[in-house]
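K.L.:
If you read the sequences in order, they're chains C and D.
Counting along the first sequence from 1, when you hit position 86 you're at 271 in this note's numbering, and nothing is skipped either side.
Counting along the second sequence from 1, when you hit position 75 you're at 124 in this note's numbering, and nothing is skipped either side.
Note that these hints are calculated values from the structure, not bench results.
Among the hints, erroneous ones may be present.
As the list claims (entries may be wrong) - Below, in silico cross-link-like pairs of lysine-lysine (DSBU-like), each with a Cα-Cα straight-line distance of 35 Å or less:
1) Lys199/C - Lys87/D
2) Lys87/D - Lys268/C
3) Lys149/D - Lys199/C
4) Lys255/C - Lys194/C
5) Lys87/D - Lys255/C
6) Lys194/C - Lys117/D
7) Lys103/D - Lys242/C
8) Lys242/C - Lys117/D
9) Lys149/D - Lys242/C
10) Lys256/C - Lys149/D
11) Lys117/D - Lys105/D
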Amino acid sequence: DGGITQSPKYLFRKEGQNVTLSCEQNLNHDAMYWYRQDPGQGLRLIYYSQIVNDFQKGDIAEGYSVSREKKESFPLTVTSAQKNPTAFYLCASSSRTGGLREQYFGPGTRLTVT
Amino acid sequence: DQQVKQNSPSLSVQEGRISILNCDYTNSMFDYFLWYKKYPAEGPTFLISISSIKDKNEDGRFTVFLNKSAKHLSLHIVPSQPGDSAVYFCAASSNFGNEKLTFGTGTRLTIIP
Chain C
186 DGGITQSPKY LFRKEGQNVT LSCEQNLNHD AMYWYRQDPG QGLRLIYYSQ
236 IVNDFQKGDI AEGYSVSREK KESFPLTVTS AQKNPTAFYL CASSSRTGGL
286 REQYFGPGTR LTVT
Chain D
50 DQQVKQNSPS LSVQEGRISI LNCDYTNSMF DYFLWYKKYP AEGPTFLISI
100 SSIKDKNEDG RFTVFLNKSA KHLSLHIVPS QPGDSAVYFC AASSNFGNEK
150 LTFGTGTRLT IIP
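Make the full structure from the sequences, and use the hints.
P.N.:
What follows is the structure, given as structure tokens:
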């Protein structure tokens, strides 16, 4: 059945290492998004992509990178330049055709960097 | 600059009563608003949306009201059920959802049996 998958559910890394979070969707959505959530805060947009081979920075893009080589996939790399990488990361997708465009979210990846 | 604000971090409501969650926004370009429900360690689930051409949208127990002049929207849940206990996020977008979403900080709703 259709949906968004994120893997792994939990990820642990040492400080100074880059890490890549996976996001795959089979909803045939054009647009994909990455958010992070910190305790007591809302969702903050890191990067988004409205079409393959194109992406834009969100509100907190520093220390992150993305690629969008396939419609189904939008991996996020958390680099060693990200000062506070420990957080809950959420991937979402939405359609760009038809009616109003709610975003659908994956289950999230909790990243812990020590 | 918090463009979408949920001023109540938490709310407790008796089972069977009405839950009212509030959200205010400052950006007059926002024309599409959504509510999401989130359980711990899970992704948010879309609940209901409303565009600026309407002032009310209803879906089962959930109704969203939009007051454009006050830049205020609210989510009503009637009757409230224990499974409604979660964090609720309000979100807003412009260009009828074609632009990125801006989220509020969330309200934790607890339904008391």
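K.L.:
Would the pair Lys103/D and Lys242/C pass a check requiring their Cα atoms to be no farther apart than 35 Å?
P.N.:
holds (31 Å)
K.L.:
Quick one, are Lys87/D and Lys255/C close enough, alpha carbons at most 35 Å?
P.N.:
Status holds; Cα separation ~28 Å.
K.L.:
Hey, Lys87/D versus Lys268/C, does the alpha-carbon distance stay inside 35 Å?
P.N.:
With a Cα-Cα distance of about 26 Å, the restraint between Lys87/D and Lys268/C holds, given a limit of 35 Å.
K.L.:
Does Lys149/D lie within 35 Å of Lys256/C when you go C-alpha to C-alpha?
P.N.:
holds (18 Å)
K.L.:
Between Lys149/D and Lys242/C, does the CA-CA distance stay at or below 35 Å?
P.N.:
holds (11 Å)
K.L.:
Given the hinted pair Lys149/D and Lys199/C, is their Cα-Cα distance within 35 Å?
P.N.:
Within the cut-off at roughly 32 Å; holds.
K.L.:
Can the restraint linking Lys242/C and Lys117/D be considered satisfied, given a maximum Cα separation of 35 Å?
P.N.:
holds (29 Å)
K.L.:
Against the 35 Å threshold, does the CA-CA distance of Lys199/C and Lys87/D hold or violate the hint?
P.N.:
Holds: Lys199/C and Lys87/D sit about 29 Å apart, inside 35 Å.
K.L.:
Between Lys194/C and Lys117/D, is the straight-line Cα distance small enough, at 35 Å or below?
P.N.:
Roughly 39 Å between the alpha carbons, so the hint for Lys194/C and Lys117/D is violated.
K.L.:
Compare the distance between the alpha carbons of Lys117/D and Lys105/D with 35 Å, and conclude whether the hinted pair is satisfied.
P.N.:
Holds - the C-alpha atoms of Lys105/D and Lys117/D are around 11 Å apart, at most 35 Å.
K.L.:
Run the distance test for Lys255/C versus Lys194/C: straight-line Cα separation, threshold 35 Å.
P.N.:
With a Cα-Cα distance of about 22 Å, the restraint between Lys255/C and Lys194/C holds, given a limit of 35 Å.
The structure is inconsistent with hint 6 alone, although it conforms to all the rest.
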